[in-house]
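Chains as they are written, first to last, in this note's numbering: chain A, 1 to 229; chain B, 1 to 229.
A hint or two may mislead.
Put simply, identical chains are the same to the list, so a pair is met inside one copy or across any two.
[To be verified] Calculated cross-link-like contacts (lysine to aspartate or glutamate; reagent style DMTMM-like; alpha-carbon spacing at most 20 angstroms):
(1) Lys169 with Glu33
(2) Lys53 with Asp42
(3) Lys141 with Asp221
(4) Lys227 with Asp42
(5) Lys169 with Glu133
(6) Lys41 with Asp210
(7) Lys141 with Glu186
(8) Lys138 with Asp47
(9) Lys141 with Asp47
(10) Lys80 with Asp47
(11) Lys53 with Glu29
(12) Lys41 with Glu186
(13) Lys169 with Glu188
(14) Lys80 with Asp218
(15) Lys53 with Glu214
(16) Lys169 with Asp84
(17) Lys2 with Asp202
(18) Lys80 with Glu173
(19) Lys61 with Asp202
(20) Lys141 with Asp202
If you're looking for bench data, these hints aren't it; they were derived computationally from the structure.
What follows is each chain in one-letter form.
Number of protein chains: 2
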Amino acid sequence: MKHIAFVVYPGLTLLDLAGPLQVLSSMCERNREYGVVIVSKDGGAVDVDVPMKVVPGASFKNVLEPAVVVVPGGEAPTVKAMGDDELINYLKQVSVNAEYVCSVCTGSLILAAAGLLNGRQATTHWGCYKILEALGAKYVKRRWVQDEKFITSAGVSAGIDMALYLVSKLTDESTARNVQLGLEYEPEPPFGGIAWASVNRDRLTPYFRDRIKEYLADKPDIVDRVKGL
Amino acid sequence: MKHIAFVVYPGLTLLDLAGPLQVLSSMCERNREYGVVIVSKDGGAVDVDVPMKVVPGASFKNVLEPAVVVVPGGEAPTVKAMGDDELINYLKQVSVNAEYVCSVCTGSLILAAAGLLNGRQATTHWGCYKILEALGAKYVKRRWVQDEKFITSAGVSAGIDMALYLVSKLTDESTARNVQLGLEYEPEPPFGGIAWASVNRDRLTPYFRDRIKEYLADKPDIVDRVKGL
């Protein structure tokens, strides 16, 4: 069975994980060639950004050759994760042979910190586009962006859309539509779309820049890239 | 602080929980009058429908007067939960004083099994509408349905939309829009909407009817209601 590995780390945003995990798990019920697995460094319980813990099914060393890797994002804890050598080395290692390497929200900052998005088209949460660019990617403001095996998605909820696209790549459009039906994914945001004209997309940049300076002081290569922002 | 309690039980669908939990947790960051809490019968780790566990923050007896209750759904395990006296009694008890009692997907079947939706307008996953009606509710095919304090939502992903609506009721529309922006909830299903004309909405009825017969044999009042389906 081919593994679709969801990489968890302390403080991640739960929906970044749960959205694509539900979509891909639903695909696996329809296509037993694939199976989802949730992996953390040591397989132990992990705090998330809501008051509960997630107990993954495996540790990094149990899943060394996943076919697909998905990295969820988060806020300040995701910046800490960018400096976690064990996590970064795992991502560098498994991305070599993976068919797809994916991220949700600021998960793309972790991929960028691992050097995997250099010169690549990618996306992230709207509030982190300047950080992503400073780390070497070419930011594209889209719901999800594919550049060869790398598929990155926009903030939090965008992971669901990205995952449905990924299902169509791993299987076919008909399966993706069946997954969508099972999850009754026909969104109806009560107040319509986002009023982008009134959003200051730069306002979170200083916050993330300062967290990088604070948490990644031992990674001068990363700090140097963002300190001018 | 007013509690928004998410009730977890073995086998629930993760996204039914995680969608509204992320939305309401994000509201709580903006309005400290409320706080989310995840509760299970005994506070212990709970299996969900993907290969991981969820460790809640509290047990039923820790949260006896939540302001809001949210019940996620699932497949066969949700039918088992309909027969769990401790869970049903908890929901009956806390719903008396709660401001809102909410469900996602087949979570409404649990509310119905607790006798909370008798004669009320409600919704559920598209595949369970006949079961919901047999249990005494008036099914409405909408993304979410409010009948006084009871707010039920359609399948899985509908919990996100319902939760944004709930945020607007607990706070205001401006806060709901800010939460939506933070979660970048501007959905873009890759293959558009669901082709309802080609969906047989009755095809799952026998499956759920049979699970009710199988798991709730000691609840003849419930079995009697669905056996003619």
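Taking the hints in turn, this is what the structure says about them:
no., hint, result
1, Lys169 with Glu33, "within (14 angstroms within a copy, 44 angstroms between copies)"
2, Lys53 with Asp42, "both (15 angstroms within a copy, 15 angstroms between copies)"
3, Lys141 with Asp221, "neither (26 angstroms within a copy, 55 angstroms between copies)"
4, Lys227 with Asp42, "neither (33 angstroms within a copy, 48 angstroms between copies)"
5, Lys169 with Glu133, "neither (27 angstroms within a copy, 38 angstroms between copies)"
6, Lys41 with Asp210, "neither (26 angstroms within a copy, 42 angstroms between copies)"
7, Lys141 with Glu186, "between (22 angstroms within a copy, 13 angstroms between copies)"
8, Lys138 with Asp47, "neither (31 angstroms within a copy, 40 angstroms between copies)"
9, Lys141 with Asp47, "neither (30 angstroms within a copy, 37 angstroms between copies)"
10, Lys80 with Asp47, "within (14 angstroms within a copy, 28 angstroms between copies)"
11, Lys53 with Glu29, "between (25 angstroms within a copy, 19 angstroms between copies)"
12, Lys41 with Glu186, "neither (35 angstroms within a copy, 32 angstroms between copies)"
13, Lys169 with Glu188, "between (26 angstroms within a copy, 17 angstroms between copies)"
14, Lys80 with Asp218, "within (11 angstroms within a copy, 51 angstroms between copies)"
15, Lys53 with Glu214, "neither (25 angstroms within a copy, 32 angstroms between copies)"
16, Lys169 with Asp84, "neither (31 angstroms within a copy, 41 angstroms between copies)"
17, Lys2 with Asp202, "neither (40 angstroms within a copy, 34 angstroms between copies)"
18, Lys80 with Glu173, "neither (37 angstroms within a copy, 33 angstroms between copies)"
19, Lys61 with Asp202, "neither (39 angstroms within a copy, 45 angstroms between copies)"
20, Lys141 with Asp202, "within (14 angstroms within a copy, 41 angstroms between copies)"
Going through the hint list in order, the structure does not satisfy hints 3, 4, 5, 6, 8, 9, 12, 15, 16, 17, 18, 19.
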